[in-house]
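Numbering-wise (my numbering), the sequence shown opens with residue 311 and increments by one.
Don't take each hint at face value.
[What the hints assert, rightly or not] Taking CB as the label site, the calculated pair distances span:
#, residue 1, residue 2, range
1, G386, E335, 30 to 36 Å
2, P359, D330, 20 to 26 Å
3, N345, Q385, 29 to 35 Å
4, H384, N345, 20 to 26 Å
5, F321, H384, 31 to 37 Å
None of these hints come from the bench; they were simulated from the model. Idealized CB from N, CA, C, for every residue including glycine.
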Amino acid sequence: MTELLTPFLKFLNGRELGPDDSLRECGLDSMQSINVLFEIEDVFGISLPDEDITDATFATPATLWTAVSAQLEHQGVSS
311 MTELLTPFLK FLNGRELGPD DSLRECGLDS MQSINVLFEI EDVFGISLPD
361 EDITDATFAT PATLWTAVSA QLEHQGVSS
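Let the sequences and hints guide you as you build the complete structure.
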């Protein structure tokens, strides 16, 4: 997930992204979140349900991965 997110984080400044880092503080804004959704669709072949497209889901890499892995499991895709 960090490899997917890193190109969208303008304030990461070369440091490693941790699972509990604030994506907002790292530079993920609402427009970048949409681009991340498109990247998730391309990389994992899934779409997040509307109820998962929230600030809470995009709070940290861990919360986003929780939503992605739940959708992968729901669709029967191995994560």
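Taking the hints in turn, this is what the structure says about them:
1. With their beta carbons about 35 Å apart, G386 and E335 fall inside the hinted range of 30 to 36 Å.
2. For P359 and D330, the Cβ-Cβ distance of about 24 Å falls inside the hinted range of 20 to 26 Å, so the restraint holds.
3. Checking the proposed 29 to 35 Å range against N345 and Q385 shows it is violated: the Cβ atoms sit about 22 Å from each other.
4. H384 and N345 have their C-beta atoms about 23 Å apart, which keeps the hinted 20 to 26 Å range intact.
5. Under the hint 31 to 37 Å, the C-beta atoms of F321 and H384, about 32 Å apart, fit the expected range.
This entry does not satisfy hint 3, going by the numbered hints stated previously; all others are met.
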